[in-house]
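Undergrad: Sequence:
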Amino acid sequence: MRKYYFRCTVCNDIHFGVSPPMVCPTCGATRAYVRSDEKEAGVIQGFMAKDEGKTFTASEMSEVFEEFANQQEFVLNPDTERVNLLIEGVVENEKRHGLKYCPCRMTMGKFEEDLALVCPCNFRVQKTWEEKGECWCGLFVKRRDL
1 MRKYYFRCTV
11 CNDIHFGVSP
21 PMVCPTCGAT
31 RAYVRSDEKE
41 AGVIQGFMAK
51 DEGKTFTASE
61 MSEVFEEFAN
71 QQEFVLNPDT
81 ERVNLLIEGV
91 VENEKRHGLK
101 YCPCRMTMGK
111 FEEDLALVCP
121 CNFRVQKTWE
131 EKGECWCGLF
141 VKRRDL
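Per my numbering, the sequence shown runs over residues 1 to 146.
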């Protein structure tokens with residue numbers, strides 16, 4: 001069985017295994033893990049420089065985000081043009097800043113604070129999630145079939 005890196009979207013805990021934990025052992029968040037690439041895991045854990053390691057392509061990232069949304073209370077936005085534009089922004093931010101930062105929010109240059117902006121972020125605590133039913137940039141939206 002193949003092992004992958006997974007990142008908790010709440011606390012950025014990194015897990016390496018066949019599948020992510022259902023509950024984060026660090027923060028207790030449920031179903032909060034998204035598959036991560038080698039670079040992201042290494043940079044967050046501090047054993048890799050921001051210009052090292054293998055990263056996801058835009059199409060792989062789209063698959064990862066779709067996989068993350070599977071069996072959650074949200075889905076990828078059905079507006080595929082918007083999703084593709086946002087993923088391009090995430091890829092560009094990774095090239096510029098070394099991590100997959102949300103394309104709609106600005107990093108401040110402080111690593112620990114900026115970790116909260118790695119996409120997907122902990123958007124379920126955002127005001128826009130409560131008010132509009134979508135994450136900050138609209139990449140994820142509430143599932144309407146629940």
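Because the hints were derived from the structure by calculation, they are not lab data. This one's a predicted model, so the numbers in the text were calculated from it and none came from an experiment. It is possible that part of the hints are untrue.
[Unchecked claim] Derived pair list, reagent style DSS-like, types lysine-lysine, alpha-carbon separation capped at 25 Å:
(1) K110 / K54
(2) K132 / K142
(3) K50 / K3
(4) K110 / K50
(5) K110 / K132
(6) K95 / K142
Undergrad: The structure should be examined with respect to each hint, and the outcome stated for every one.
TA: Against the structure, the hints:
1. K110 / K54: holds (23 Å)
2. K132 / K142: holds (9 Å)
3. K50 / K3: holds (22 Å)
4. K110 / K50: holds (14 Å)
5. K110 / K132: violated (29 Å)
6. K95 / K142: violated (29 Å)
Consistency note: the structure conflicts with the earlier hints numbered 5 and 6.
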